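Novice: Using the sequences and the accompanying hints, generate a full structural model.
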Amino acid sequence: GENVEQHPSTLSVQEGDSAVIKCTYSDSASNYFPWYKQELGKRPQLIIDIRSNVGEKKDQRIAVTLNKTAKHFSLHITETQPEDSAVYFCAASWKGAQKLVFGQGTRLTINP
Amino acid sequence: NAGVTQTPKFQVLKTGQSMTLQCAQDMNHEYMSWYRQDPGMGLRLIHYSVGAGITDQGEVPNGYNVSRSTTEDFPLRLLSAAPSQTSVYFCASSYVEPGHLYEQYFGPGTRLTVT
Chain A
128 GENVEQHPST
138 LSVQEGDSAV
148 IKCTYSDSAS
158 NYFPWYKQEL
168 GKRPQLIIDI
178 RSNVGEKKDQ
188 RIAVTLNKTA
198 KHFSLHITET
208 QPEDSAVYFC
218 AASWKGAQKL
228 VFGQGTRLTI
238 NP
Chain B
11 NAGVTQTPKF
21 QVLKTGQSMT
31 LQCAQDMNHE
41 YMSWYRQDPG
51 MGLRLIHYSV
61 GAGITDQGEV
71 PNGYNVSRST
81 TEDFPLRLLS
91 AAPSQTSVYF
101 CASSYVEPGH
111 LYEQYFGPGT
121 RLTVT
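Those sequence lines, one after another, are chains A and B. Numbering-wise (the numbering used here), the first sequence opens with residue 128 and increments by one. Numbering-wise (the numbering used here), the second sequence opens with residue 11 and increments by one.
No false leads were slipped in.
Below, computed lysine to aspartate or glutamate pairings styled on EDC-like, alpha-carbon distance capped at 20 Å:
#1 A:169 <-> A:210
#2 A:222 <-> B:107
#3 B:19 <-> A:166
#4 A:222 <-> B:66
Covered stretches of chain B, going by a simulated chain A footprint (3 or more residues, C-beta under 8 Å):
#5 46-55
#6 60-71
#7 107-116
To be clear, the hints were calculated from the coordinates, so they are not data collected in a lab. Values in this document were obtained by computation on a predicted structure and should not be read as measured data. Don't be surprised by glycine CBs; every beta carbon is placed ideally from N, CA and C.
Specialist: Here's what the structure looks like:
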């Protein structure tokens, strides 16, 4: 079955700097790659997603890039702010499957 | 709209007890799912459903049962609770097309402790 590996498990950056979180997936038929943000004690919420027919997608300070050849995708957060501190999860789903497989999560801390 | 709701918020069970975690959504989503969240392990899919009367297993289905009699409700049953089932449980729902998933809307979660 599909396997998703996420790195790093923890990330600390200075406010205003950029943060990058990377995920690799095992199934070359994967076609949907969402990113979720989970604040402490809260539910996960979608922040951005990308499908396999697109290489990059941006939404203000957040971007996701997809490299299908290498089977990895990354979340980029620019001009980080204290409210970006949270746990971020990547996930993947593949064509024909109606289920998401999540990475292990990255705890991002923004230092003022 | 209430979105996705879950009850109870907290529950403590003794080993061997059974219980049902409730999940309901008012967005008319065909797709519903249950995840468990353990420290350092992300979210793992337990069971999912693509519509009333249709359910399937996820990554970690053992010890759990589900049924889907209506579009709105998707209860998760623990048959005989074990300490290994101590976790935070999230229900989610979404729009779905054949072969394609969309944004998952999560409920607030149920924190379950089995002693």
